[in-house]
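Asker: For reference, the chains in residue letters:
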Amino acid sequence: AQSVTQLDSQVPVFEEAPVELRCNYSSSVSVYLFWYVQYPNQGLQLLLKYLSGSTLVKGINGFEAEFNKSQTSFHLRKPSVHISDTAEYFCAVSDQAAGNKLTFGGGTRVLVKP
Amino acid sequence: EAGVTQSPTHLIKTRGQQATLRCSPISGHTSVYWYQQALGLGLQFLLWYDEGEERNRGNFPPRFSGRQFPNYSSELNVNALELEDSALYLCASSTWGGETQYFGPGTRLLVL
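Protein chains in written order, with the working numbering: chain Z, 4 to 117; chain X, 374 to 485.
For the record, the hints were derived by calculation from the structure and aren't laboratory data.
Incorrect hints may appear among the rest.
Estimated spans, in silico, between C-beta atoms of each pair [unchecked claim]:
hint, chain 1, residue 1, chain 2, residue 2, range
1, Z, Pro15, X, Gly413, 19 to 29 Å
2, Z, Glu23, X, Pro443, 43 to 53 Å
3, X, Gly425, Z, Glu23, 22 to 32 Å
4, X, Asn432, Z, Lys116, 31 to 41 Å
5, Z, Tyr42, X, Ser459, 15 to 25 Å
6, Z, Thr58, X, Gln390, 47 to 57 Å
7, X, Ser438, Z, Asn71, 32 to 42 Å
As the structure is a prediction and not an experimental result, all values here were calculated from the model.
All C-beta atoms in this analysis are idealised placements derived from N, C-alpha and C, irrespective of residue type, glycine included.
Same shape as in the complex, but just chain Z (with noise of 0.2 Å):
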């Protein structure tokens, strides 16, 4: 069974300072990782994707993630965090051996002050 674990709940951020979110995962075979947003009363978008090839991802709205096969990690970044990022952020892995199902984080909700 798969799981992902988003080891922070809350980032409270100033805006223009950079930010970390962290993931990690378990699986027993290759996955494809996926960072989704969801702002608020809405669905979820897709900010970045790892299928395979480079570890570094570049996402959306200035978003980029490593991939770390060692570490079972998939940090998301972003240099310089606008109030405009105020969201929740979720992390998912998905389940090739099951149609590609997503399993998701609990989610890190991103606060971002002037």
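Fit chain X to the known structure of chain Z by using the hints.
Answerer: Just chain X now, with coordinates in the frame of chain Z:
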């Protein structure tokens, strides 16, 4: 190109009633997934449909069911509603065998 659409946006039911939620996938996508986002329980996989067949289901009771139509749209039915069914229900779609799911805005179900 239109994204995944869901209807209704909000639904209020009383305990014991039935709820029907609808989802239209992105054009060209054949797989539809349903997830439940309940307070305190996070995002949980409910069901996966592809080519009109239920392919996989999560750890939910049988009163959660659904179907997929020939145009690949999907319905989620929840029978005998319980208070704890109150949640945001998210639909996602992908191409057949596709690794990336794209989500709709969700239907917020409130059971009173």
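Asker: Take the hints in turn and mark each one as holding or not.
Answerer: Taking the hints in turn, this is what the structure says about them:
1. Z/Pro15 to X/Gly413: 19 to 29 Å: holds, 21 Å
2. Z/Glu23 to X/Pro443: 43 to 53 Å: Check passed, 46 Å falls within 43 to 53 Å.
3. X/Gly425 to Z/Glu23: 22 to 32 Å: 43 Å Cβ-Cβ, so the 22 to 32 Å window is violated.
4. X/Asn432 to Z/Lys116: 31 to 41 Å: About 38 Å separates the Cβ atoms of X/Asn432 and Z/Lys116, which means 31 to 41 Å holds.
5. Z/Tyr42 to X/Ser459: 15 to 25 Å: holds, 21 Å
6. Z/Thr58 to X/Gln390: 47 to 57 Å: With a Cβ separation near 49 Å, Z/Thr58 and X/Gln390 satisfy 47 to 57 Å, so the hint holds.
7. X/Ser438 to Z/Asn71: 32 to 42 Å: holds, 40 Å
Checked against the numbered hints above, the structure breaks only hint 3 and satisfies the rest.
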